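Visitor: If you want the building blocks of each chain, they are given just below.
2 protein chains.
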Amino acid sequence: MPDPGRAITHIPFSELCALLTSIFERHGASKEVAAVLADNCASVQRDGAESHGTFRIPGYVSTLESGWVDGRAVPVVTDAAPGFVSVDAMNGFAQPALAAARTLVADKARANGIALLAIHNSHHFSALWPDVEPFARDGLVALAFVNSMACVVPHGGQHALFGTNPIAFAAPRAGADPLVFDLATSAMAHGDIQIAAREGQALPDGVGVDREGRPTHSPAAILDGGALCTFGGHKGSALSMMVEILAAALTGGNFSFEFDWSGHPGAQTPRTGQLLIVIDPSRQAGNTFAARIETLVHEMKGAGQARQPGERRYLQRAASARDGVPIPADELDRLRAPAEPRAE
Amino acid sequence: MPDPGRAITHIPFSELCALLTSIFERHGASKEVAAVLADNCASVQRDGAESHGTFRIPGYVSTLESGWVDGRAVPVVTDAAPGFVSVDAMNGFAQPALAAARTLVADKARANGIALLAIHNSHHFSALWPDVEPFARDGLVALAFVNSMACVVPHGGQHALFGTNPIAFAAPRAGADPLVFDLATSAMAHGDIQIAAREGQALPDGVGVDREGRPTHSPAAILDGGALCTFGGHKGSALSMMVEILAAALTGGNFSFEFDWSGHPGAQTPRTGQLLIVIDPSRQAGNTFAARIETLVHEMKGAGQARQPGERRYLQRAASARDGVPIPADELDRLRAPAEPRAE
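Residue numbers (full-length UniProt numbering), protein chains in the order written: chain A, 1 to 344; chain B, 1 to 344.
It should be emphasised that the hints constitute simulated quantities derived from the structure, not laboratory data.
Computed from a predicted structure; not experimentally measured.
Keep in mind that the hints are not guaranteed to be accurate.
Only part of the chain A face toward chain B is listed, based on derived beta-carbon distances under 7 Å [said to hold, decoys possible]:
(1) V74
(2) A81
(3) L183
(4) P281
(5) F289
(6) Q305
Yeah, the Cβ is synthetic: ideal placement off N, Cα and C, and Gly gets one too.
Given these sequences and hints, build the entire structure.
Guide: Okay, here's the thing in structure tokens:
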């Protein structure tokens, strides 16, 4: 939901990464953690996923400053079984935990046909598709589930319990960028609610309820003690419950309603868990998986589905490579401000 | 959608199983296949899932008689990798293929933490929850995906391509029946459209389109060259695509739009594939998974979600154990007719 009246600056990806790295480091992240988070956040901004890009930097910073998350955490990887990797993120961010275990879980998927990565004691504050796309680029199929913070009311219920609980999926294609989707099981992503609130926009029907559980079109009412609905009624609610089970119960992480950050004013990141399932499609005898995906994509186009999952991001990624990463000028000014105080 | 004016007979589960077994055998199924299909169909009827119970027997029969499916198929199980089992159903039904590999995939899940079962060259004509619930009763978590026949239009598209493509999930509880859901990624299950057509009921908004791609409330128009929509707009459509990828591309099965049954008038079962993922939650160090699920269920009830996934089936299952399995009297008469011709 970009504001058409807002000035946009374009900067090179590497420059944005360096800027974000310096911000993370200045607020207590280790060199390693800062590099992973900066690359992740800059990639999301590069691909046009505004709600999870540089818009979130103030949230990262206030959370680091609150002491709620450990920006210097060193994840502990446990090889739990031939197909099961467990990572204790040590109260750090989820992305460095994934980075620490990525090669091991991919190797296990190749050796066994399928492998699971269970991350707990972790904070996920970004989009989920960057976690799965790299597996598909290596010829693997990946599914990811992450729970977040209680802001979604179960279907038929009265108060928030589930997180926005996204599911992401990636599959390789032959000679094309992977098919990738990342969908919140809430009717709308929390980041989009925040943007709508910031920009004073009204929401469509069925997105959320206010603090009394009444339907509302106001993003502010949802953020002020209200709750989001799940997408697709009871089906989305069942999927959101499944995400709680896979990402929290199965990993040893917190449910979205369990963590208590009241002692850390400014904290914004959920301390929960994340589960990834990685499959090697070449284990099916005689399979030509990537070519089969081309058949499916061809037919989806033929049925009238103009844009394939992930395609909008790839188009924006190409534009960013050509023109630089778009970022609102005032936002970039704020990001640069503390590091480069103005002369006057 | 039971017709309140229709007379219902209650018969013991074992009697229904024996009746269905005799019907399957009489129409060309082997003893082994008939036993598996009869138990499956009787279980679905017992649990109140009308649209996939004995209502489907005429479809099974006409498909067997058409020669489209092999009722005597012996599935071929391949131990493809430490965590990957592949089954060629040999153009038989999916349930006997699953039965042939169930113990192996559960053992692999326990040994590796996670395992995958890929079934192809198979026909699935039942509900999906009976495929996952038994794993949860053994302490495992199971996910299943099956594609079907082109009757769902991709979001933004004009003609049918995807199947109703259900996703089923089961997780064990401590001292209670498992949490189980089974949801079609279409806006409504195809069986429910058939029942609505049979009973002359109009459908709600957003369920389907007619043969020209126009929205319709008529189940007959959907069945007569029209198509179903996905649930939840583009999100349901992405999930339906994922089911095609997992159940067909990854298993070596047909996509929902690929098989050609035109040479077999009377054929009704999709010849596609099915994928199951089975996880052993005890591999997460220190995990007390089933107890954690109790915490989640307690909170879901507290948030106002009165009925947990699967609960309606368990209530009907208990009623059927007490009173017998409910079945419309005229349907039961038809099932009994060929085996027990009337004296007059």
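Visitor: Hint by hint, which ones does this structure get wrong, listed from lowest number up?
Guide: Hint 1 alone not satisfied by this model.
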